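A.B. asks: Now for the letters of each chain:
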Amino acid sequence: MTMSKPEFLNRAGLEVQTLDTWLEQHWLIPDQTSTGTNFSEMDVARAHLIRDLKVDFGVNDEGVEVILHLVDQLHGLRRALAQLNRDLQETSR
Amino acid sequence: MKNPYEVLGVAPTASSADIQKAYRKLAKKLHPDLNPGDKATEDKFKEVAGAYDLLSDAEKRKRFDAGEIDATGAERPQHRFYRDFATSNDGHPYTDNSGFADFMDSDDALAELLRRGERARANRSGRDLHYSLPIDFADSITGANKRLTLPDGGTLDVTIPPGLVDGQILRLRGKGAPGTGKGGPGDALIEVEVLPDRRFTRAGDDISLELPVSLSEAVLGGRIRVPTPTGDVSMTVPKGSNTGTTLRLKGKGAPRRGGGHGDQFVKLKVVLPKPPDPELEAFVSNWDKGKAFNPREDSTS
Numbered sequence: 002m003t004m005s006k007p008e009f010l011n012r013a014g015l016e017v018q019t020l021d022t023w024l025e026q027h028w029l030i031p032d033q034t035s036t037g038t039n040f041s042e043m044d045v046a047r048a049h050l051i052r053d054l055k056v057d058f059g060v061n062d063e064g065v066e067v068i069l070h071l072v073d074q075l076h077g078l079r080r081a082l083a084q085l086n087r088d089l090q091e092t093s094r
Numbered sequence: 003m004k005n006p007y008e009v010l011g012v013a014p015t016a017s018s019a020d021i022q023k024a025y026r027k028l029a030k031k032l033h034p035d036l037n038p039g040d041k042a043t044e045d046k047f048k049e050v051a052g053a054y055d056l057l058s059d060a061e062k063r064k065r066f067d068a069g070e071i072d073a074t075g076a077e078r079p080q081h082r083f084y085r086d087f088a089t090s091n092d093g094h095p096y097t098d099n100s101g102f103a104d105f106m107d108s109d110d111a112l113a114e115l116l117r118r119g120e121r122a123r124a125n126r127s128g129r130d131l132h133y134s135l136p137i138d139f140a141d142s143i144t145g146a147n148k149r150l151t152l153p154d155g156g157t158l159d160v161t162i163p164p165g166l167v168d169g170q171i172l173r174l175r176g177k178g179a180p181g182t183g184k185g186g187p188g189d190a191l192i193e194v195e196v197l198p199d200r201r202f203t204r205a206g207d208d209i210s211l212e213l214p215v216s217l218s219e220a221v222l223g224g225r226i227r228v229p230t231p232t233g234d235v236s237m238t239v240p241k242g243s244n245t246g247t248t249l250r251l252k253g254k255g256a257p258r259r260g261g262g263h264g265d266q267f268v269k270l271k272v273v274l275p276k277p278p279d280p281e282l283e284a285f286v287s288n289w290d291k292g293k294a295f296n297p298r299e300d301s302t303s
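Protein chains in written order, with my numbering: chain A, 2 to 94; chain B, 3 to 303.
Derived by calculation from the structure, the hints in this document are not laboratory data. Note that the structure is a prediction, hence the values are computed from the model and not measured. C-beta: ideal position from N, C-alpha, C; glycine also. A portion of the hints provided could be inaccurate.
So the derived list for chain A, only partly shown, Cβ under 7 Å to chain B, looks like this [claimed, not checked]:
| # | residue |
| --- | --- |
| 1 | E16 |
| 2 | M43 |
| 3 | A46 |
| 4 | L50 |
| 5 | R79 |
| 6 | R80 |
Simulated crosslink set (DMTMM-like; lysine to aspartate or glutamate; CA at most 20 Å straight-line) [said to hold, decoys possible]:
| # | chain 1 | residue 1 | chain 2 | residue 2 |
| --- | --- | --- | --- | --- |
| 7 | B | K27 | A | D62 |
| 8 | B | K30 | A | E63 |
| 9 | B | K23 | A | D73 |
| 10 | B | K31 | A | D21 |
| 11 | B | K30 | B | E61 |
| 12 | B | K30 | A | D73 |
| 13 | B | K48 | A | D57 |
| 14 | B | K30 | A | D57 |
| 15 | B | K31 | A | D57 |
| 16 | A | K55 | B | D55 |
| 17 | B | K41 | B | D20 |
| 18 | B | K62 | A | D57 |
| 19 | A | K55 | B | D59 |
| 20 | B | K41 | A | D73 |
| 21 | B | K30 | B | D45 |
| 22 | B | K269 | B | D207 |
| 23 | B | K293 | B | E283 |
| 24 | B | K30 | A | E25 |
| 25 | A | K55 | B | D20 |
| 26 | B | K30 | A | E91 |
| 27 | B | K46 | A | E66 |
| 28 | B | K27 | A | E42 |
| 29 | B | K31 | A | E66 |
| 30 | B | K276 | B | E219 |
| 31 | B | K27 | B | D55 |
| 32 | B | K30 | B | D40 |
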């Protein structure tokens, strides 16, 4: 399920200027297609996280940058660990 | 439902700034996206967020304090957290493996398992690679075979189809970056730039050319040779032609999609002999009819 920019702004509760800044910072990387930009549910969830960080937690832009980088690494690790777990189970079988 | 003041750990007399501070402190620890592996934090976070929603809203807080609404009065709209997407097995644009990249370089069993994991899930096709290729105008009309030298030193043989237009993208299947596993390679996408030509211009399937003719060819007519992108052809200039007279060479334009060709339009341009010829000057100065003709008669208003 993907959505257009206006729909995404609505779902994420964002102003268009805010979104443009976030896109410039590469905090959000939606799919670029020949028909325009396509946002996913994942982009919505990520936008919510960024909003929570900025608005609710008072994290500034530099902080958001650092947190997103660490969170992305954390998920990379979690995925690798999950894969390892599956591999180990297969090997022991 | 617990008392929101207790959930946030503040006194019922706390200021709104204190409430915000207490919420931030708890939420930073409990936010599900900052605790992707801990399912219990989500419920706690919701509880804390609900309490904050209630107490941060002065109106709601007043009504709660007055006993008009209970602690469930404010529930955050349900939303899916980022963590629900981020650990999925499919690649996504935010994937970052730098957290264990150093392990993968080593030779031990863990590295081998990590590498195998990478291989196992990465039956993904390779990326499409983008190139640009400038070609001559004539090649764009007749078609050509070109060899593209790649940045890595390799080459790609590209067949330019006849009638290609500027900016057209040719897709060479399977010539992109190699895929992993059963993924297969991506495609090479080649954007072809047609270099502007000194003589020919193209509009749709038709080609235009400005062709100089001599005064005698224009006045008396005759057969002349005309260049086309596919070679010279012979054409008859009718008697009494002029600068701007446009002649059509049927079927000498660019190949049309679905068969046939466009036309080539030849716009004549009368050029006087160089250097100026005394004989011509003498003739024109004695040529009364020529002097009487005013070509600007209709155009001036």
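A.B. asks: Any hints this thing doesn't respect? Which numbers, in order?
C.D. replies: The structure conflicts with hints 1, 9, 10, 11, 17, 24, 26, 27, 28, although it agrees with all the remaining ones.
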